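Protein chains in written order, with numbering that gives the first Met the number 0: chain Y, 0 to 397; chain Z, 0 to 397.
Check the hints yourself; a few may be wrong.
[What the hints assert, rightly or not] With the C-beta cut set under 8 Å, the calculated list includes, among others, these residues of chain Y facing chain Z: (1) Leu5; (2) Ala26; (3) Ile39; (4) Asp45; (5) Gly73; (6) Met131; (7) Glu135; (8) Lys230; (9) Leu298; (10) Leu300.
[To be verified] Over 12 Å on every C-beta distance to chain Y, these chain Z residues come out as not near it, computed from the model: (11) Ser76; (12) Asp162; (13) Leu221; (14) Lys230; (15) Gly319; (16) Gly327; (17) Arg376; (18) Leu394.
Keep in mind the hints are simulated off the structure, nothing from the lab. Owing to the predicted nature of the structure, the values given are computational and were not obtained by experimental measurement. Cβ coordinates follow ideal geometry from the N, Cα and C atoms, glycine included.
Protein chains: 2
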Amino acid sequence: MTQTSLPESKMPVVPPRVLLGPGPSAAHPRVLQAMMSNMIGYLDPDFMLIMDEVSELLKRVFQTDESITLALSGTGSAGMEAGLNSLLEPDDTVVMCIYGFFCERMVEMAGRLGANVVPIRAPWGGPFPAEMLEEELKNHRNVKLVTAIHAETSTGVRQPLEDLSRLAKAHDALFMVDAVTSLGGNEVAVDDWDIDYCYSATQKCLGCPPGLSPVALSPRALDSVKSRAKKPTSWYLDLALNANYWGFDRVYHHTAPVSMILALREGLRIVLEEGLEERFARHHRNSLALWAGLEALGLDLVAPEEHRLDQITPFWIPEGVDDDRVRGMLLREYNIEIGKGLGEFAGKVWRVGLMGESSKSEYVLALLSALESILPREGFEVGPGAGVAAASRSLAGG
Amino acid sequence: MTQTSLPESKMPVVPPRVLLGPGPSAAHPRVLQAMMSNMIGYLDPDFMLIMDEVSELLKRVFQTDESITLALSGTGSAGMEAGLNSLLEPDDTVVMCIYGFFCERMVEMAGRLGANVVPIRAPWGGPFPAEMLEEELKNHRNVKLVTAIHAETSTGVRQPLEDLSRLAKAHDALFMVDAVTSLGGNEVAVDDWDIDYCYSATQKCLGCPPGLSPVALSPRALDSVKSRAKKPTSWYLDLALNANYWGFDRVYHHTAPVSMILALREGLRIVLEEGLEERFARHHRNSLALWAGLEALGLDLVAPEEHRLDQITPFWIPEGVDDDRVRGMLLREYNIEIGKGLGEFAGKVWRVGLMGESSKSEYVLALLSALESILPREGFEVGPGAGVAAASRSLAGG
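All chains should be built: construct the whole structure from the sequences, respecting the hints.
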């Protein structure tokens with residue numbers, strides 16, 4: 000028999016962190032407390048009431064009356080895969096608007112499914128121009144699906160969606176949107192923007208731990224899943240089966256992750272207690288302060304201001320400054336996590352996330368103070384206190 | 000804009016439950032407390048230490064030195080799908096030993112993948128005879144995979160695995176085992192039984208909430224995934240990509256579900272603190288008491304005693320007794336959940352789970368007392384106190 004004794008733990012307690020990376024962001028203490036609940040059965044009538052409530056809360060946060068809403072038992076990437084796997088059959092044409100790392104993940108996933116993938120690549124760092132989609136759509140008949148990402152976490156760009164949606168619909172295609180980083184921190188209007196499948200994640204602007212992917216599925220998208228010639232290759236992420244369990248039928252599919260669903264319920268309640276508009280305003284206010292502070296330190300932001308995300312801010316690493324060493328100092332000396340660059344931005348940018356419970360003015364000031372101390376040690380001179388001063392002025396409304 | 004106010008909750012607090020169904024079982028209070036931790040980044044070096052620890056603890060619980068171990072970010076069904084999706088390519092032959100509801104789920108999943116699925120169906124309620132596999136394997140060349148379920152939750156049968164494994168290996172096939180219901184409650188010896196892919200779940204005998212699927216993957220299975228002609232259709236559940244993140248490379252795959260991983264770590268530590276052998280003995284002791292009590296009430300168990308699972312006990316619903324009504328009374332009057340029948344046993348059996356933190360003598364006695372009160376109301380007479388008396392004698396070693 001193999002070794003079965005108890006090994007000593009090298010990290011018995013999770014160290015405190017100021018989480019200003021791409022997520023997980025901080026979880027709200029009430030959310031953590033919600034997870035302390037005892038378990039309950041996945042078909043218990045009282046648990047059904049809780050699932051109904053989560054579904055209703057999601058409708059309000061996704062701003063939809065039309066779509067069915069539920070939480071898939073996986074992270075945001077599971078939401079991405081569920082959409083592609085359920086909406087696409089082999090050889091279906093999917094036109095993908097590509098302008099960052101996570102857009103490329105969609106290409107990878109759809110390729111594995113044997114779809115006819117048509118990526119349209121725009122330069123990283125700005126929004127995707129609707130005209131490029133308009134031109135490309137002229138080359139295709141029977142486009143099944145058009146995809147876009149609302150908040151590209153790799154570039155920090157907020158993508159306008161209305162024009163892309165209109166073009167997709169004009170070609171009778173379904174429109175799928177990644178709202179992983181935006182939901183709860185920025186307006187996501189599923190009905191107004193006519194989105195057929197929208198998926199998100201719990202660990203960014205919803206103030207919950209990672210582990211679930213909230214989704215909204217339009218009647219048209221659900222019809223499309225139900226009328227497939229062949230079933231999706233994934234049983235676990237089959238949107239029709241998941242909708243049967245979350246919806247009226249309550250057909251057993253898999254054991255629901257009870258604690259995560261309770262966490263999500265509490266997180267969504269907190270979002271609505273704060274108020275969507277107030278929450279979006281808070282995200283914007285703290286990001287404005289961050290941007291003012293970074294610029295006062297002489298750092299250059301990746302995205303142009305009019306297209307910047309409030310959730311995550313990539314900025315260029317100054318020449319001669321060591322990526323890993325600075326992030327290591329932030330983590331070891333200040334317990335602050337920021338994100339590294341991904342894909343073609345790897346080693347070139349840092350990314351600061353201010354999402355959900357991590358979007359707080361005190362964290363903005365702490366990060367700027369830390370950078371003011373660290374960057375000169377790397378040979379990048381900054382005006383002492385300049386970042387904090389600019390951020391404080393911004394927060395004071397100046 | 001749609002309604003964005005906060006709706007009133009119909010079930011603000013999860014009601015207490017004695018969870019004696021097929022899972023989730025009760026979570027250990029220390030496990031719930033572990034989920035109160037603050038978040039931490041998925042590439043934080045301190046979180047890597049925690050993942051290493053989980054991996055090491057899993058090796059001990061799966062009793063393997065050879066396999067790599069990790070936890071997939073989904074429930075047990077995700078573990079099932081990850082194995083089939085990663086190990087099978089279209090047209091690969093998979094021979095499936097079928098003797099219950101969850102075996103049929105494997106058939107459904109593998110069919111969606113375009114595999115050449117060869118189900119061998121044995122009657123429900125007993126173990127699968129190795130001779131049937133031996134015979135069937137003679138009809139095939141190039142069998143890629145043989146599958147079995149260690150603990151069929153629908154029938155309550157413990158399946159001997161050594162002979163099936165030996166036959167699979169004699170035909171140069173990989174051997175995949177579902178240990179969802181057995182891991183942590185019954186011996187699961189991945190190395191000794193030469194299992195190439197073994198998956199489980201957190202909410203049964205590991206005392207954790209549902210949401211993760213711990214898996215063990217042999218070097219041979221990993222080679223097989225890495226040498227595929229085409230990538231698996233699933234990116235999210237691709238075992239090679241998940242192994243890259245959990246293993247030495249630490250390549251970012253998806254945001255790890257931090258709280259669930261912390262819960263699993265605590266659950267696994269508790270398993271090893273109790274000791275595997277002691278824990279298996281506890282499960283057996285409480286099940287013996289349950290069986291004695293049910294039989295003393297004149298109830299018939301589905302599985303023959305020599306093949307009975309300690310984790311879950313299906314027994315026949317007496318004629319004339321209403322399935323839903325009795326389970327409803329147990330839930331509403333006693334807060335006790337038991338499981339209903341699945342598939343061909345739907346409406347015919349009840350299933351009592353005694354798993355992990357739910358395997359306690361007091362719960363056995365509470366259930367038997369409740370049945371003694373309820374069944375006569377349904378016209379099924381039982382000797383007053385007979386079940387509790389028999390169970391108590393069994394617990395006292397009589």
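Hints, verified against the model:
{"no.": "1", "hint": "Leu5", "result": "4 Å, holds"}
{"no.": "2", "hint": "Ala26", "result": "5 Å, holds"}
{"no.": "3", "hint": "Ile39", "result": "5 Å, holds"}
{"no.": "4", "hint": "Asp45", "result": "5 Å, holds"}
{"no.": "5", "hint": "Gly73", "result": "5 Å, holds"}
{"no.": "6", "hint": "Met131", "result": "25 Å, violated"}
{"no.": "7", "hint": "Glu135", "result": "24 Å, violated"}
{"no.": "8", "hint": "Lys230", "result": "5 Å, holds"}
{"no.": "9", "hint": "Leu298", "result": "22 Å, violated"}
{"no.": "10", "hint": "Leu300", "result": "22 Å, violated"}
{"no.": "11", "hint": "Ser76", "result": "4 Å, violated"}
{"no.": "12", "hint": "Asp162", "result": "20 Å, holds"}
{"no.": "13", "hint": "Leu221", "result": "19 Å, holds"}
{"no.": "14", "hint": "Lys230", "result": "5 Å, violated"}
{"no.": "15", "hint": "Gly319", "result": "24 Å, holds"}
{"no.": "16", "hint": "Gly327", "result": "9 Å, violated"}
{"no.": "17", "hint": "Arg376", "result": "21 Å, holds"}
{"no.": "18", "hint": "Leu394", "result": "24 Å, holds"}
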